[in-house]
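Undergrad: Each chain, written out:
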Amino acid sequence: MLTRINKTLVAGGAMSLASAAIAFAQDTVPAAAPATTMDKGDTGFMMIATVLVLFMILPGLALFYGGLVRAKNMLSVLMQVTMITAVVMVIWVVYGYSFSFGGSTSPWWGGTAKLFLAGVTPASEAATFTVGVVIPEYVFIAFQMTFACITPALIVGAFVERIKFSAVIAFVVLWVTFAYFPIAHMVWDANGYLFGLGAIDFAGGTVVHINAGIAALVASYMVGKREGYGRDIMAPHSMTFTMVGASMLWVGWFGFNAGSNLEANAGAALAMINTFTATAGAIIAWALLESVLRGKASMLGAASGLVAGLVAVTPAAGTIGPIGAIVLGAIASVVCYFFVSVVKNSLKYDDSLDVFGIHGVGGIIGALGTAVFSAASLGGVKGDDYSIMAQMMIQIQAVVITIVWCAVVSIVAFLIVKAIFGLRVSKEAEATGLDLVSHGEAAYHN
Amino acid sequence: MLTRINKTLVAGGAMSLASAAIAFAQDTVPAAAPATTMDKGDTGFMMIATVLVLFMILPGLALFYGGLVRAKNMLSVLMQVTMITAVVMVIWVVYGYSFSFGGSTSPWWGGTAKLFLAGVTPASEAATFTVGVVIPEYVFIAFQMTFACITPALIVGAFVERIKFSAVIAFVVLWVTFAYFPIAHMVWDANGYLFGLGAIDFAGGTVVHINAGIAALVASYMVGKREGYGRDIMAPHSMTFTMVGASMLWVGWFGFNAGSNLEANAGAALAMINTFTATAGAIIAWALLESVLRGKASMLGAASGLVAGLVAVTPAAGTIGPIGAIVLGAIASVVCYFFVSVVKNSLKYDDSLDVFGIHGVGGIIGALGTAVFSAASLGGVKGDDYSIMAQMMIQIQAVVITIVWCAVVSIVAFLIVKAIFGLRVSKEAEATGLDLVSHGEAAYHN
Amino acid sequence: MLTRINKTLVAGGAMSLASAAIAFAQDTVPAAAPATTMDKGDTGFMMIATVLVLFMILPGLALFYGGLVRAKNMLSVLMQVTMITAVVMVIWVVYGYSFSFGGSTSPWWGGTAKLFLAGVTPASEAATFTVGVVIPEYVFIAFQMTFACITPALIVGAFVERIKFSAVIAFVVLWVTFAYFPIAHMVWDANGYLFGLGAIDFAGGTVVHINAGIAALVASYMVGKREGYGRDIMAPHSMTFTMVGASMLWVGWFGFNAGSNLEANAGAALAMINTFTATAGAIIAWALLESVLRGKASMLGAASGLVAGLVAVTPAAGTIGPIGAIVLGAIASVVCYFFVSVVKNSLKYDDSLDVFGIHGVGGIIGALGTAVFSAASLGGVKGDDYSIMAQMMIQIQAVVITIVWCAVVSIVAFLIVKAIFGLRVSKEAEATGLDLVSHGEAAYHN
Amino acid sequence: MKIVMAVIKPFKLDEVREALTSLGIEGLTVTEVKGYGRQKGHTEIYRGAEYAVAFLPKLKIEVAVSSAMADKAVEAIAAAAKTGQIGDGKIFVFSIEHVVRSRTGETNADAL
Amino acid sequence: MKIVMAVIKPFKLDEVREALTSLGIEGLTVTEVKGYGRQKGHTEIYRGAEYAVAFLPKLKIEVAVSSAMADKAVEAIAAAAKTGQIGDGKIFVFSIEHVVRSRTGETNADAL
Amino acid sequence: MKIVMAVIKPFKLDEVREALTSLGIEGLTVTEVKGYGRQKGHTEIYRGAEYAVAFLPKLKIEVAVSSAMADKAVEAIAAAAKTGQIGDGKIFVFSIEHVVRSRTGETNADAL
Ligand SMILES: Nc1ncnc2c1ncn2[C@@H]1O[C@H](COP(=O)(O)OP(=O)(O)O)[C@@H](O)[C@H]1O
Ligand SMILES: Nc1ncnc2c1ncn2[C@@H]1O[C@H](COP(=O)(O)OP(=O)(O)O)[C@@H](O)[C@H]1O
Ligand SMILES: Nc1ncnc2c1ncn2[C@@H]1O[C@H](COP(=O)(O)OP(=O)(O)O)[C@@H](O)[C@H]1O
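Chains as they are written, first to last, in the working numbering: chain D, 30 to 475; chain X, 30 to 475; chain S, 30 to 475; chain G, 7 to 118; chain R, 7 to 118; chain A, 7 to 118.
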């Protein structure tokens with residue numbers, strides 16, 4: 030088992046071998062395929078993991094974000110998250126899967142071989158990290174699809190309460206096409222550029238969180254502040270929903286992290302226990318910090334720490350130990366805390382729900398912390414020939430490349446969308462609230 | 030694997046072989062049983078699938094429906110869904126399972142051999158679609174039980190805000206006994222009449238959705254309109270809860286659809302990916318339609334499309350392809366949209382939460398669409414000897430028989446209940462709201 | 030399969046053999062280990078079961094309790110449940126797992142061998158109830174961790190709306206250390222005292238429910254009544270959230286009960302179907318009782334019955350039959366009903382959310398009922414040499430020991446916490462509400 | 007000018023509004039209130055706790071009218087709000103000295 | 007006749023109602039309001055955003071009484087509403103000219 | 007003494023409050039109300055059901071002032087509440103006879 034896990038580590042990314050092997054299996058199955066085994070335990074586990082990631086988005090993320098806005102904008106948030114999910118699902122089977130994992134040897138994208146899932150049948154297999162062990166390719170497609178859906182949905186938090194609905198959809202289409210699919214290929218495909226560097230990103234710290242966080246930072250500058258920002262009370266309309274959403278994110282995140290192991294074995298179990306303890310450490314850290322600095326630990330603080338911990342452990346879950354995870358989660362909480370309560374206020378941009386402050390910053394802490402806590406000396410599974418510093422350099426490269434690529438795509442995408450649709454609703458519409466103005470409904474009646 | 034799936038298709042219904050094989054196993058286990066294999070991957074997967082279907086009902090469906098009524102009737106909806114679930118569970122183990130899958134050779138019902146689950150022990154096995162592969166019969170019983178619970182709970186949407194609580198329970202007892210159990214037997218048991226015809230109903234389009242939809246249509250005429258219908262504002266008291274409920278329905282539906290494969294293999298994976306893409310297609314279609322026709326895409330529209338897509342893909346999930354699923358979902362959305370916003374208004378009955386308009390109509394679209402999109406030429410898994418027209422005729426027969434049977438039972442059941450308990454609360458009680466009047470509580474306080 | 034189940038019964042507790050075998054495996058793996066098999070079906074199932082138990086706590090239990098308090102205290106409840114979960118998780122990996130299952134031969138605790146999970150690696154294995162069948166130890170640790178988290182979180186219901194946040198956390202730290210970990214060891218470890226007696230506690234009736242119930246009873250006396258108790262209206266601020274929480278408890282409880290089987294086989298399936306039918310029986314019983322005695326069946330009544338049924342079936346799930354489970358659930362409902370509506374009112378203590386009345390009383394009914402309904406003559410799996418009376422004596426002993434141990438620890442813990450932190454907020458703070466006073470937030474805004 | 011302030015049963019709002027608009031009254035302000043009076047409340051039971059809820063949901067309507075219109079408005083409201091059941095509510099009339107429309111600064115009759 | 011309109015702390019409602027019913031006053035109307043005054047509000051913090059909430063939850067009670075009863079009602083309310091802490095609220099009295107009970111058409115004293 | 011009672015657009019609350027405090031007025035009471043007037047409402051559609059929502063969310067402000075202050079208060083509110091768009095709301099002034107502060111028993115001017 031350790032062997033297997035070490036191999037994962039060498040591979041350095043959660044789905045890297047997988048995609049390579051898919052291509053392989055595809056090519057060779059008709060002829061003399063190497064003997065593969067499919068275990069129903071893996072297949073069943075991965076299907077449930079996929080469902081758990083959907084649960085993170087709907088209703089999890091929708092509620093987490095929705096609770097934080099004013100009641101008059103509740104439905105707009107729910108609707109944006111829902112529509113992004115639906116649109117990216119269709120895009121995924123049409124061209125997203127192919128662009129990400131289509132089997133091309135390019136380091137930048139997956140090519141066009143699997144447009145419309147061409148050639149995929151119930152008999153198609155996708156490799157896991159264990160040589161010869163496969164799962165149905167449909168499972169791999171569906172699992173990866175949920176990752177492609179949640180990432181742009183995370184960005185929503187940056188521009189809530191003021192953006193045009195059409196602009197959201199248009200931006201997301203451009204963004205997944207030019208930012209998400211290429212970066213997923215780069216990080217997780219065996220031919221991908223960052224994969225080649227040896228970056229460790231077990232379940233998507235760069236591809237999902239840093240990526241979404243940077244897009245959110247760009248969004249908050251491009252879309253501008255909400256009317257009345259800093260003057261009006263914009264308190265969460267339902268911290269209850271936010272807490273429920275955060276809890277669902279935690280529950281679903283086990284699909285995300287343990288599922289990224291692709292097999293139901295001890296590797297997944299390690300990812301699972303780390304996803305527990307890192308989060309617990311992060312919750313406690315944020316609450317302690319608030320207790321000391323403000324005299325009161327808030328529910329929103331605990332929920333924020335919870336998400337920060339989950340974000341930070343995402344790239345690290347497969348290679349660190351459960352005690353190291355507590356420390357990693359706690360560090361992420363502390364840094365994110367100062368970011369959202371000090372740095373953001375001084376920079377005065379309106380990343381309304383702190384997507385950058387938590388997913389971007391937490392993702393970076395996680396990516397770098399992975400290099401540190403993966404070392405056996407700190408409880409990780411990386412053995413003798415592992416150098417924290419060497420890995421750290423690789424992680425930094427991966428982070429910087431993701432940031433730059435994503436920032437450029439995000440800026441260009443927003444400029445295009447602004448030119449065609451405009452980004453914001455009118456001031457009056459903003460005062461009335463997006464629910465009535467953009468969707469013709471109100472979230473609550475008697 | 031394709032072999033297995035083809036066999037499913039030939040079998041033409043999700044649990045058909047299963048029940049046959051149960052009877053077989055039961056008979057022969059004491060003597061020289063044919064060698065069967067039980068895979069813990071299947072068993073574990075099916076148990077989780079069962080839990081997911083419970084999740085669809087409680088809290089999923091309860092919230093989806095509850096959010097749509099006025100606050101003063103919220104608890105009555107939650108309570109009706111809860112009590113129906115509990116009552117049908119007890120009925121199921123007492124006589125429902127036997128009436129449906131008791132092993133009789135009648136084409137109309139399962140007989141009395143398994144009253145009180147007689148003879149079932151932890152050692153009992155239920156067959157799957159792969160010869161020789163079994164799961165524990167308790168798992169099959171529990172999985173099927175959740176289907177029997179959700180179907181009558183769906184009907185609730187037709188008569189909310191005005192029905193007597195006693196009438197709901199009495200109606201459901203009659204209805205599951207004379208409509209659900211027989212139809213489940215007809216469709217899913219190897220001796221069942223519709224099974225014999227060769228109808229394809231992978232996860233319950235006829236048994237669950239058309240069945241519930243027709244009962245709802247009957248209910249809306251028998252129970253009559255709400256006081257103030259068409260005059261008072263009866264806007265959803267919490268679109269947030271409705272959206273959360275719809276999301277939970279989607280999440281849980283993977284248990285429903287993928288679980289109907291009974292094994293954790295590529296067949297389940299196909300059902301899963303179709304359950305993603307059909308739903309996505311349906312959400313987008315409804316939202317687009319609203320955008321074009323009303324200028325605004327609503328959250329309730331997206332949620333309605335979501336459910337319509339899930340309903341439509343239910344019978345088809347095991348035999349169509351993911352791109353065909355997008356189209357099927359979109360078609361279902363379009364038809365349901367016109368039904369609930371045009372046809373229903375002109376017919377002026379009060380199917381309050383559009384059970385017929387979405388489950389009935391969507392179920393019919395799904396049943397017929399299954400014939401179309403199962404063809405290999407349209408991305409389905411049906412091979413050379415498959416004729417869309419021939420299958421279409423069979424599907425139409427199945428639909429018509431279900432409609433007629435269910436309508437007759439529903440009418441008679443309502444007449445009996447009306448005579449004994451009465452159907453509606455008083456006008457004053459309706460004005461006050463069912464929560465206080467029927468349950469002595471209020472949903473919300475400060 | 031019957032063999033296996035019988036063995037469980039002989040073993041008399043869900044995890045008893047498990048922990049023994051872990052120790053064994055640990056000791057011997059380096060040398061000539063007996064051949065063990067690990068099935069991915071078990072591993073995957075147990076990971077999902079673990080996630081389901083987390084779901085019971087967050088958001089399940091948090092919402093169930095939160096809905097029952099006044100809006101001004103909502104966040105305090107959510108926060109207490111969240112922080113308890115996080116704190117106990119960290120404690121668990123630091124010393125809780127070792128104190129419970131550390132491998133010592135003491136009948137009272139598990140020793141210090143596994144502090145900080147010393148020696149646990151991805152290769153470590155934990156035994157199940159089938160000889161030679163193992164799961165990754167990380168899975169066992171994570172699964173058991175969720176039990177350790179939910180138990181103290183259950184106690185929260187006794188002292189809501191008035192307790193200091195610091196007092197909650199301090200009490201829980203003491204309580205899990207001196208009550209939960211030792212009792213878990215006594216009941217579930219092969220060396221444990223109650224295990225040695227032969228007590229049957231499949232999934233934690235004594236360890237979790239009686240334990241939490243007694244602590245709650247102590248708490249309600251030590252902390253005292255809420256201001257205005259018996260005078261002011263303290264109606265649930267959102268029965269909707271309470272119903273959603275109860276539903277989630279049910280859904281997650283399948284992880285709790287079926288997961289306690291440690292393998293994805295017919296034993297888990299039996300636990301699952303019992304967890305359905307007992308709960309259904311309990312819901313119906315409570316509703317019927319209310320209908321008869323008050324003329325109206327309430328949603329809170331149904332939710333209370335639901336939880337009472339789940340509590341009662343917890344120790345029994347692995348050894349009774351589905352029809353016996355209906356009866357057991359119904360009996361638990363009836364007794365709990367009279368307890369919370371008659372006994373509690375006459376004793377005039379303020380166990381605000383009836384933790385003792387439902388978990389304590391229901392747990393005792395379950396523990397004793399297990400002795401009765403496990404008999405083959407009543408549908409259970411216990412064969413010829415089983416004596417209800419003999420088992421009843423053992424169950425009573427287990428209950429009494431748990432009650433006494435827990436009561437003593439709880440009293441001392443509250444005295445210590447009172448001396449250091451004080452237990453209650455000021456009267457004014459109580460009038461304002463804990464959300465603002467202790468957490469600086471309000472749950473709802475416009 | 008007068009303010010006519012009426013407490014009514016919630017489901018009567020639309021009828022009352024229509025009665026007023028048919029008199030040419032074009033504005034009114036509505037508040038959700040709880041009323042205590044002869045109409046008895048209800049009892050809610052939550053497990054062992056029984057709460058007598060004495061306050062019932064009502065709507066309060068405030069409508070400013072010229073003195074000349076006051077009586078007609080009162081009559082119209084009384085007629086529209088009446089069900090004949092206890093709890094239909096009461097109508098109060100009091101004088102106001104001054105009215106201003108914020109948007110235009112118009113006062114008194116012009117502001118109504 | 008007069009309307010006595012009082013702003014009170016929310017948890018004082020039952021005491022105030024009892025004080026009034028013990029005077030024989032059988033009806034009143036309650037509204038949830040937010041009050042701004044000398045009693046200072048509180049601060050809420052949501053991550054980096056700190057909001058000073060100046061408005062506190064209060065209840066407004068309106069009770070129509072005969073002119074003779076007005077002073078007693080004011081006294082009763084003042085006594086019942088008093089905690090001695092800042093923010094106990096204020097009581098305002100103004101005349102009404104006309105009262106009608108919608109159910110019966112009774113007016114003035116009969117309508118109270 | 008007078009009560010100045012104003013209906014305003016919800017987002018104008020802070021400006022109105024500041025305008026009043028700058029006059030030295032230290033207390034006011036705010037109620038969430040629904041207003042019907044010239045400003046037209048909106049339409050909501052839920053599947054096939056289309057609802058014309060005629061009532062718009064407004065806030066009602068009540069502020070008790072000395073008679074001398076009343077006009078200034080009205081002006082201040084009118085100025086602060088004005089957007090120039092239809093629906094800015096109205097201000098009503100009426101006399102009150104008596105004011106009591108519950109906490110101290112102070113009356114009239116002292117109670118404000
Ligand atoms: N003296 C009063 N002052 C203020 N409001 C009153 C008074 N009496 C009754 N009300 C209001 O009128 C409502 C109806 O009064 P009630 O006595 O129940 O019935 P009816 O209007 O048929 O006499 C009450 O709920 C309350 O809101
Ligand atoms: N001038 C005023 N006009 C209207 N309401 C007022 C006025 N002053 C105070 N109030 C109301 O009375 C409440 C209590 O007033 P406050 O000044 O806080 O304390 P106190 O009543 O002890 O003087 C306020 O919250 C507000 O609702
Ligand atoms: N006659 C009236 N009596 C009481 N309130 C009124 C009256 N007319 C208007 N209002 C209130 O004033 C608000 C604004 O009035 P409206 O006619 O829409 O615009 P404007 O204030 O610009 O004339 C309304 O929503 C309502 O709350």
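The hints are simulated quantities; they were obtained by calculation from the structure and are not laboratory data.
Only a predicted model underlies this, so the values are computations on that prediction, with no experimental measurement involved.
Mixed in with the good hints there might be a few duds.
What the hints assert, rightly or not - Below, a list of computed lysine-lysine pairs in the DSBU-like style, where the Cα atoms sit at most 30 Å apart:
| id | chain 1 | residue 1 | chain 2 | residue 2 |
| --- | --- | --- | --- | --- |
| 1 | G | K88 | G | K78 |
| 2 | G | K40 | R | K78 |
| 3 | G | K40 | S | K456 |
| 4 | G | K88 | G | K46 |
| 5 | X | K377 | X | K325 |
| 6 | R | K40 | R | K88 |
| 7 | X | K377 | X | K456 |
| 8 | X | K325 | D | K254 |
| 9 | X | K447 | X | K254 |
| 10 | R | K40 | G | K40 |
| 11 | A | K46 | D | K456 |
| 12 | R | K40 | G | K46 |
| 13 | A | K46 | R | K88 |
| 14 | R | K46 | G | K46 |
| 15 | X | K254 | X | K456 |
| 16 | G | K78 | A | K46 |
| 17 | R | K78 | A | K78 |
| 18 | S | K325 | D | K325 |
| 19 | A | K78 | G | K88 |
| 20 | S | K447 | D | K447 |
| 21 | S | K447 | S | K325 |
| 22 | S | K447 | S | K254 |
Said to hold, decoys possible - Label pairs and their calculated CB-CB ranges:
| id | chain 1 | residue 1 | chain 2 | residue 2 | range |
| --- | --- | --- | --- | --- | --- |
| 23 | D | G451 | S | S320 | 35 to 41 Å |
| 24 | R | E103 | G | L29 | 40 to 46 Å |
| 25 | X | E256 | G | A85 | 52 to 58 Å |
Heads up, the beta-carbon is just placed ideally off N, CA and C, and yes, glycines get one too.
Undergrad: State for each hint whether it applies.
TA: Structure-based check of each hint:
no., hint, verdict
1, G/K88 - G/K78, "holds, 15 Å"
2, G/K40 - R/K78, "holds, 23 Å"
3, G/K40 - S/K456, "holds, 27 Å"
4, G/K88 - G/K46, "holds, 17 Å"
5, X/K377 - X/K325, "holds, 25 Å"
6, R/K40 - R/K88, "holds, 18 Å"
7, X/K377 - X/K456, "holds, 20 Å"
8, X/K325 - D/K254, "holds, 24 Å"
9, X/K447 - X/K254, "holds, 16 Å"
10, R/K40 - G/K40, "holds, 16 Å"
11, A/K46 - D/K456, "holds, 18 Å"
12, R/K40 - G/K46, "holds, 28 Å"
13, A/K46 - R/K88, "violated, 43 Å"
14, R/K46 - G/K46, "violated, 37 Å"
15, X/K254 - X/K456, "holds, 12 Å"
16, G/K78 - A/K46, "holds, 25 Å"
17, R/K78 - A/K78, "violated, 33 Å"
18, S/K325 - D/K325, "violated, 43 Å"
19, A/K78 - G/K88, "violated, 41 Å"
20, S/K447 - D/K447, "violated, 60 Å"
21, S/K447 - S/K325, "violated, 42 Å"
22, S/K447 - S/K254, "holds, 16 Å"
23, D/G451 - S/S320: 35 to 41 Å, "violated, 59 Å"
24, R/E103 - G/L29: 40 to 46 Å, "violated, 19 Å"
25, X/E256 - G/A85: 52 to 58 Å, "violated, 21 Å"
Of the numbered hints listed earlier, those contradicted by the structure are 13, 14, 17, 18, 19, 20, 21, 23, 24 and 25.
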